[in-house]
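Note that the protein sequences, when read in sequence, are chains A and B.
Numbers given in this note's numbering equal positions in the first sequence, counted from 1, plus 116.
Numbers given in this note's numbering equal positions in the second sequence, counted from 1, plus 60.
It is worth saying that the hints were derived from the structure and are not from the lab.
Here the structure is a predicted model, which is why all the values come from computation and not from measurement.
Below 30 Å or equal to it, Euclidean Cα-Cα: the simulated DSS-like pairs (lysine-lysine) are:
| hint | chain 1 | residue 1 | chain 2 | residue 2 |
| --- | --- | --- | --- | --- |
| 1 | B | Lys-104 | A | Lys-118 |
| 2 | B | Lys-129 | A | Lys-193 |
| 3 | A | Lys-250 | B | Lys-133 |
| 4 | A | Lys-193 | B | Lys-133 |
| 5 | B | Lys-133 | A | Lys-121 |
| 6 | A | Lys-118 | B | Lys-129 |
| 7 | A | Lys-175 | A | Lys-121 |
| 8 | B | Lys-129 | A | Lys-121 |
| 9 | B | Lys-104 | A | Lys-179 |
| 10 | A | Lys-193 | A | Lys-174 |
| 11 | A | Lys-118 | A | Lys-174 |
| 12 | B | Lys-104 | A | Lys-121 |
| 13 | B | Lys-104 | A | Lys-175 |
| 14 | B | Lys-104 | B | Lys-123 |
| 15 | B | Lys-133 | A | Lys-118 |
| 16 | A | Lys-174 | B | Lys-104 |
| 17 | A | Lys-179 | A | Lys-121 |
| 18 | B | Lys-129 | A | Lys-250 |
| 19 | B | Lys-123 | A | Lys-250 |
| 20 | A | Lys-193 | A | Lys-179 |
| 21 | A | Lys-250 | A | Lys-193 |
| 22 | B | Lys-133 | A | Lys-174 |
| 23 | B | Lys-104 | A | Lys-193 |
Sample of chain B residues with no beta-carbon within 10 Å of chain A, all distances over it, derived:
| hint | residue |
| --- | --- |
| 24 | Met-76 |
| 25 | Glu-77 |
| 26 | Asp-131 |
| 27 | Ala-134 |
| 28 | Gly-159 |
| 29 | Gly-173 |
| 30 | Gly-176 |
| 31 | Gly-198 |
| 32 | Pro-257 |
| 33 | Gly-261 |
Yeah, the Cβ is synthetic: ideal placement off N, Cα and C, and Gly gets one too.
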Amino acid sequence: MKIIKFLFAGIFFGIVLVKSEAVSWYRIFEMFKFQSFHMYGIIGSAVVVGVIAIWVIKKTRVKSIEGQEIELSPKDKSIPRYLLGGIVFGLGWALAGACPGPMYILLGTGVMTMLLVIAGAILGTFVYGLLRDKLPH
Amino acid sequence: MHFVDDVSLWYKSIDMEILLQPWPWYVTGPLIALTMVLLIYFGKNFGMSNNLRTLCAIGGGGKFADFFKFDWKAERWNLTVLIGAIIGGFIAVTFMSDGSVIDLNPQTISDLGVLGFSDAGNTLVPSEIYSWESALSGTGLLILIGGGFLVGFGARYAGGCTSGHAISGLSNLQWPSLVAVIGFFIGGLVMTHFLFPLIFGS
Numbered sequence: 117m118k119i120i121k122f123l124f125a126g127i128f129f130g131i132v133l134v135k136s137e138a139v140s141w142y143r144i145f146e147m148f149k150f151q152s153f154h155m156y157g158i159i160g161s162a163v164v165v166g167v168i169a170i171w172v173i174k175k176t177r178v179k180s181i182e183g184q185e186i187e188l189s190p191k192d193k194s195i196p197r198y199l200l201g202g203i204v205f206g207l208g209w210a211l212a213g214a215c216p217g218p219m220y221i222l223l224g225t226g227v228m229t230m231l232l233v234i235a236g237a238i239l240g241t242f243v244y245g246l247l248r249d250k251l252p253h
Numbered sequence: 061m062h063f064v065d066d067v068s069l070w071y072k073s074i075d076m077e078i079l080l081q082p083w084p085w086y087v088t089g090p091l092i093a094l095t096m097v098l099l100i101y102f103g104k105n106f107g108m109s110n111n112l113r114t115l116c117a118i119g120g121g122g123k124f125a126d127f128f129k130f131d132w133k134a135e136r137w138n139l140t141v142l143i144g145a146i147i148g149g150f151i152a153v154t155f156m157s158d159g160s161v162i163d164l165n166p167q168t169i170s171d172l173g174v175l176g177f178s179d180a181g182n183t184l185v186p187s188e189i190y191s192w193e194s195a196l197s198g199t200g201l202l203i204l205i206g207g208g209f210l211v212g213f214g215a216r217y218a219g220g221c222t223s224g225h226a227i228s229g230l231s232n233l234q235w236p237s238l239v240a241v242i243g244f245f246i247g248g249l250v251m252t253h254f255l256f257p258l259i260f261g262s
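For reference, chain B alone in the conformation it holds in the complex (with noise of 0.2 Å):
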């Protein structure tokens, strides 16, 4: 018994208020690296983006194209991860929140205010794109549906996504994820500095 209480001890002399605020980065970057690590533990390899070409199979891409045409049902796993993603989501905001604001570069905040956002970090996502006011206006749909067409495109394209290239495949010192994750950056830099201020500049 004398093991049951020092546990339920330590866990009261846990500050609750530390795993409500934000997790510092040297906190959360190597939980990820524990991720990959369970998955390969598993069997599995950490890979997110497979999952879209798995939900193409399910409705029928095969009859479209043969990439499509495999055995679906061998990515479960996988997909279980997926519900699993949204769950963990849901949970972090419901139960492990005190509602913080997120704690960017004041320089950003002005950059953003540039562009027309206002309230930067107080939400996860800017209510400029995703309410669904704007999600819905012309541009509003084309930036979120455009938006996930490039990454889900290029993520194919690339053999892999952030979890994939930039976490596994540079974990595994492979090239080819490194020149991937290059692209990553050339492509995210033209759009946040040279299409940003065409898209949302007025």
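Next up, chain A with everything else stripped away, as it sits in the complex (with noise of 0.2 Å):
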């Protein structure tokens, strides 16, 4: 059963995000208020041990639990996608209060209703991947 660690981990992830309230409308709400330190916390301690944990994984060169080795890829290098698609998806981030992993951990916690967030975002998943030769990127 090499998918149930996978299971786990998005358990362990659900977990964590509602223990820590990002997963909050309000707390997202009081992030672009900058009312609060509280999600720049999270994010900010998130990054830091990840930049360090990075660090360490490419400087031991650590293979993957199924002995490869393991390969971050870089991002394109590009403006407009990232700022205008950025943009975008900061807009209704604020207006739902969720972002594409609290979206489900939600629904977990009993707001069914946002299963209309989702059904509004795989939409618009659908609709950019038919205007995306559009599109500037």
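The task is to assemble the complex, starting from two chains supplied on their own in separate frames and drawing on the hints.
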């Protein structure tokens, strides 16, 4: 059962995000109002630990669980897609108060209307797929 | 047997109350990084919004755009993370919560009051948006589906979301991810400061 470890990773992620309150619409609002350090602390400490962890992974050339080289592919060098796509994403993040991880986690906490947000997100992804060649990247 | 006794003593000495209360940022931030490290160690990348593309592919999106023509079975691991996240959300509120309110800044609560939100912080999401009654009103439906649409469209356009760019990308020192995160904030600030008063203010 190679796949079961991913289930546990997801369960862990879901618990951590609820207990951090990062899944809360109110915390996202408070963050964009610069009225609390809470969300900045979460993202900031995650990135600090993440930078160190990835540095160690690269330095020690540690192998994955299946014994393969770990490859972290660099992102494409471009400005428009990241800036424009990022702005669109940010508008939705603040409005729905949920990003693509928390929308499922919140469903698990019993917020069933989140299904509408998820449906919207699938639709948005689909429309992006249709328009992809016409957008600046 | 000494070891077992020691472990059980240690376990009993943990104040379980601490687990039931909200966890501080300096605990949860590193634990989010640990999630990313686990997935890297499993040979994958941390990126939740990729699942939306996979769901489009499963639904037959490949008939409409090449963007959805790929072997979605290779993405089953990420859908499994998604299912785990749903279960994790259930476990956290059902077994690991003492029902404490979210300790928001009083100014935030008062600002939300002006926008028509009462009881800020008593639940994870505001009933003014997420109750079925609000959700199925005309504006409510537009807010939820529209908000989701922007998140889905923007995440794929930007090539990632909070997990892919803000956590994984920044941790790997990718400047495109920094551009994306700056974009997230421009969008979020415009929505919160300029559009919220138009959408929610009366």
